[in-house]
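Build the full structure now, drawing on both the sequences and the hints.
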Amino acid sequence: MSKVVKGVLEEELQRLLALKDRYQEKMKDYPPGYLLKREMRGRIYYYLSYREGAKIKQQYLGHLETDKVKSYKDLIKRKGELQKQLSEVKKNIVYLERLLKK
Amino acid sequence: MNDLEDELSSILDALGRNGLLKHLVLIGSWVMVVYEAYFRDSNYSPSIRTTDVDFLIPKRHPRIDGKKDVSRILEALGFSEVFSSDGWCTYHKPELHVEFLLPRIGPQSDDVVSIPSLGLNARPLRHLSLLADNIIAINFQGFDITVPHPAAYALQKLIISARRKISEKAQKDIDQAEAVLTVLKKRSDIELLRTLFEQLTKKQRKAVLDSAKKRVFLDDVLKKLLENE
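Chains as they are written, first to last, in my numbering: chain L, 1 to 102; chain Y, 103 to 331.
It is worth saying that the hints were derived from the structure and are not from the lab. None of the values given here were measured: they were computed from a predicted structure. Glycine residues also receive a C-beta, built at the ideal position from the N, C-alpha and C atoms. Some clues are possibly wrong.
[Unchecked claim] Counterexamples of contact, computed for chain Y against chain L with all Cβ distances above 10 Å: (1) Asn145; (2) Lys169; (3) Glu183; (4) Val214; (5) Asp277; (6) Ala281.
[What the hints assert, rightly or not] Result set (DMTMM-like, lysine to aspartate or glutamate): computed pairs, CA atoms no more than 25 Å apart in a straight line: (7) Lys3(L) / Glu138(Y); (8) Lys325(Y) / Asp29(L); (9) Lys195(Y) / Glu107(Y); (10) Lys274(Y) / Asp21(L).
[Unchecked claim] Ranges between beta-carbon positions, derived for each pair: (11) Pro31(L) / Lys326(Y): 50 to 56 Å; (12) Ser269(Y) / Lys3(L): 28 to 34 Å; (13) Asp167(Y) / Leu100(L): 23 to 29 Å.
Structure representation (structure tokens):
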């Protein structure tokens, strides 16, 4: 690999590592897990269900208005998209690290 | 500084010595390197550069003291002039090539334009007037370089990303816009971003928002920047 190409790839790797940190930090802005709906005595209640280590936890949200449910669903969908983009960044980091070791 | 940056410096030095830097606007992915000197922010990480160095000629008839010959200047640096079938000349070395572009406005044709005062031919391209109309000077490695304002650059990248047919190029445009907008923090820069966004056509605004939506992080950053306080 030429020195020029290696230099460019190393810079790209640094950019991706910084991007990974930024995306991981952003993930914290979103609610954990997914929205769980339960019906009790004819009334619908919502929980956030997520994994913490080996345990599955459920955070009680209570009865939610339609717009609040939509807002949670939108946030969880966006988190999924961000997770996908983060995975792509991580994949590119692995690829570049492997390439630069050669 | 890496080898490619050394090459860029030698181009800037030669153009500067001939009094041409103020008449040319550095655009394309190399601007991202120059923006490091503007932002001075450790969170700023420029995206991968291409091997082409693009210069925009903001005015079709630049007022230049005496006739210059850019071809000769670049040939003296070891670049070979290459003519395309439509007369566009670009300058090549194994590591880099240099291209000159013009903003294409309204019904102007795509025909290559001769700029006699610079001794070169430039290619008109759409969406470059946003860059040409919003320029700043940044001191980079001792050279006063004219570049588009980062706010204009990011918006232009998002506009052209929506028009790209090649997805990799579209992603690269978004990478650049994301890198710039993430560190756009100065009040005056944010105000300019808002003003420029408002001045875009409805179609261009849609293109900006649609491109940003492809990245959750960028989408959030842009929304916050465009929000009125």
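Do the hints match the structure? See the list:
Here Asn145(Y) does not stay apart from chain L, with its beta-carbon only about 7 Å from theirs, under the 10 Å limit. No beta-carbon of chain L comes within 10 Å of the beta-carbon of Lys169(Y); the shortest separation is about 34 Å. The beta carbon of Glu183(Y) is kept farther than 10 Å from every beta carbon of chain L, the shortest such distance being approximately 22 Å. Chain L leaves Val214(Y) outside its interface by the beta-carbon criterion, the shortest separation being 30 Å against a cut-off of 10 Å.
A beta-carbon of chain L comes within 10 Å of the beta-carbon of Asp277(Y); the shortest separation is about 8 Å. Not every C-beta of chain L lies more than 10 Å from that of Ala281(Y), the closest at about 7 Å, which undercuts listing it as non-interface. Proximity of Lys3(L) to Glu138(Y) is assessed by CA-CA distance (about 22 Å); at most 25 Å being required, the pair is judged to hold. For the proposed pair Lys325(Y) and Asp29(L), the alpha carbon gap of about 15 Å is at most 25 Å, so the pair holds.
Pair hint Lys195(Y) plus Glu107(Y) holds up; C-alpha atoms about 14 Å apart against a cutoff of 25 Å. Under the criterion of a C-alpha separation no larger than 25 Å, the hint pairing Lys274(Y) with Asp21(L) is consistent with the structure, at around 19 Å. Distance hint for Pro31(L) and Lys326(Y): a CB-CB separation of about 19 Å, inconsistent with the stated range 50 to 56 Å. Against the hinted window of 28 to 34 Å, the Cβ-Cβ separation of Ser269(Y) and Lys3(L) comes to about 30 Å, which satisfies the hint.
One distance hint, 23 to 29 Å for the beta-carbon pair Asp167(Y) and Leu100(L), is violated here, with the actual separation near 47 Å.
Hints 1, 5, 6, 11, 13 from the list above are not met by this structure, while the remaining hints are.
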